[in-house]
Amino acid sequence: MLDLWYKNAVIYCLDVETFVDANGDGVGDFQGLTDRLDHIEALGATCVWLLPFYPSPNRDNGYDITDFYGVDPRLGSPGDFVNFTRAAHDRGLRVIVDFVANHTSIDHPWFQEARASPTSRFRDWYVWSKEEPADKQEGVVFPGVQEAIWSYDEAAEAWYLHRFYEHQADLNIANPEVREELDKVMGYWLELGVSGFRIDAVPFLIEYKGLPEEAQPKQDPHLYLTHMRDFLSWRKAEAMMLAEANITLDQTDEYFGDGDRMHMIFNFMLNQHLFLALALALALARGDAEPVLRIMKQMPKIPEQAQWGTFLRNHDELDLGRLSDGERQEVFAAFGPDPAMQLYERGIRRRLAPMLGGDVRRLKMAHSLMFALPGTPVVWYGEEIGMGDDLGQPERNSVRAPMQWSDKPNAGFSDAPAERLIRPVIADGEFDYRKVNIAAQRDAPGSLMEHMQRLIRTRRSCPEIGWGECKVLPTEAASVLALSYHWRGQTVVTAHNLADKPA
Numbered sequence: 056m057l058d059l060w061y062k063n064a065v066i067y068c069l070d071v072e073t074f075v076d077a078n079g080d081g082v083g084d085f086q087g088l089t090d091r092l093d094h095i096e097a098l099g100a101t102c103v104w105l106l107p108f109y110p111s112p113n114r115d116n117g118y119d120i121t122d123f124y125g126v127d128p129r130l131g132s133p134g135d136f137v138n139f140t141r142a143a144h145d146r147g148l149r150v151i152v153d154f155v156a157n158h159t160s161i162d163h164p165w166f167q168e169a170r171a172s173p174t175s176r177f178r179d180w181y182v183w184s185k186e187e188p189a190d191k192q193e194g195v196v197f198p199g200v201q202e203a204i205w206s207y208d209e210a211a212e213a214w215y216l217h218r219f220y221e222h223q224a225d226l227n228i229a230n231p232e233v234r235e236e237l238d239k240v241m242g243y244w245l246e247l248g249v250s251g252f253r254i255d256a257v258p259f260l261i262e263y264k265g266l267p268e269e270a271q272p273k274q275d276p277h278l279y280l281t282h283m284r285d286f287l288s289w290r291k292a293e294a295m296m297l298a299e300a301n302i303t304l305d306q307t308d309e310y311f312g313d314g315d316r317m318h319m320i321f322n323f324m325l326n327q328h329l330f331l332a333l334a335l336a337l338a339l340a341r342g343d344a345e346p347v348l349r350i351m352k353q354m355p356k357i358p359e360q361a362q363w364g365t366f367l368r369n370h371d372e373l374d375l376g377r378l379s380d381g382e383r384q385e386v387f388a389a390f391g392p393d394p395a396m397q398l399y400e401r402g403i404r405r406r407l408a409p410m411l412g413g414d415v416r417r418l419k420m421a422h423s424l425m426f427a428l429p430g431t432p433v434v435w436y437g438e439e440i441g442m443g444d445d446l447g448q449p450e451r452n453s454v455r456a457p458m459q460w461s462d463k464p465n466a467g468f469s470d471a472p473a474e475r476l477i478r479p480v481i482a483d484g485e486f487d488y489r490k491v492n493i494a495a496q497r498d499a500p501g502s503l504m505e506h507m508q509r510l511i512r513t514r515r516s517c518p519e520i521g522w523g524e525c526k527v528l529p530t531e532a533a534s535v536l537a538l539s540y541h542w543r544g545q546t547v548v549t550a551h552n553l554a555d556k557p558a
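Heads up: the sequence shown begins at 56 in this note's numbering, then just goes up one per residue.
Rather than coming from a laboratory, the hints here were simulated on the basis of the structure.
The reader is advised that the hints may include incorrect statements.
As the list claims (entries may be wrong) - Using C-beta positions, here's what the derived DEER-type ranges look like:
(1) K239 <-> T530: 15 to 23 Å
(2) S175 <-> R114: 17 to 25 Å
(3) L528 <-> N138: 45 to 53 Å
(4) D179 <-> G447: 36 to 44 Å
(5) A482 <-> Q192: 36 to 44 Å
(6) G544 <-> R176: 54 to 62 Å
As the structure is a prediction and not an experimental result, all values here were calculated from the model.
Don't be surprised by glycine CBs; every beta carbon is placed ideally from N, CA and C.
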């Protein structure tokens, strides 16, 4: 029988370089993370998701990789990684890692060899065009920052595709050699103890890149997801894949398949409508659960082996691209009225606590609601204490400040001089690390962290939410979202009031 552990998991996401610095160089590392696993265990999480930790020029927070089989030397050695996974397993924690299969850094040896010669075996590992593509400015992922999806390479005398930044060249996933190599990468990290992967940018993996429609193969490109699942199941039956796929609900079947493709998909549609509901509650001074109810009623039935990933905030912008223009403006007005808070014409680059004005009552309600939604909850580091953001940092780095452990210098993150830190700690305003930190909230009655621990304990004791059939219950108050879950003869009912006053 398959171990579908992810159906009732609680996933804690962190970036090694901003979590804990053990050697005093200003950059978080695996030794520091290993030393602080007790915090994640005490919080109640069952799985740790690591952002990219591979060798990288770090132009995009590690998502521009130069070696899929290595560990960034700033963060430690492969041995340090193995020690971390073993220590995590000793605490009952599984580990999943980011798998960036869509692209590499242009500094990756594969790309360097590809650009050097048209006869290189790596040439067809990327997507090239001898002519300037007519669609080079279509489908830009980072509008306002990124100008095109094709760039000219002087050495190659050709244009290369990059759906993201120009320093991230897209791999040619249609090439069997590329697929075989990516299989090897997954197999390598499975051997080192990981329990699965968060798959980056999944919709771009299934494009027939650089080909006009008439030249595209007739085979369903989603079959690559089936291939990935087959390989994973063969190498480690209980391993899982969590897809980053900001898709509409009617596309769900293409990504889950019949339970033979992605194990989990982040529910971006539900996330965006949840923030719309929170924005309306703030703006109208009365709760309105309708945006969440609307999406809940549209959510399709998914295979038994499949699961949604539910979340509030993550390491990227709060993406509102699936809302209507009017709805998006409602959320901007409530949570990101200053243009400096907005990003890519569709998102907000803030953490949850500042968006909710530091109101602990609202924060507790929002987290409780997220844990009650169908799926597996995913928590971004620092959200358990209500960390703030740093809008002085570029783009998405605003929500990636060092973890705030205590009121000691550098928030207890590092003993290095402040100017050597990977990023500045938040040292002023309402979310100053001397006011908001783990040490202050540990065992403090009524603290946000205590509330999060209780939520996680409760969620783990209610497998009905992870496994059961969800139904929306009728209520007399528009501000109340009531849900029921039934599984194996047991029923769990949750109710949340989005209004300031009792319903």
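Each hint, compared with the structure:
no., hint, in the structure
1, K239 <-> T530: 15 to 23 Å, "violated, 52 Å"
2, S175 <-> R114: 17 to 25 Å, "holds, 24 Å"
3, L528 <-> N138: 45 to 53 Å, "holds, 48 Å"
4, D179 <-> G447: 36 to 44 Å, "holds, 43 Å"
5, A482 <-> Q192: 36 to 44 Å, "holds, 40 Å"
6, G544 <-> R176: 54 to 62 Å, "holds, 58 Å"
When the structure is compared with the earlier hints, a violation turns up for hint 1 alone.
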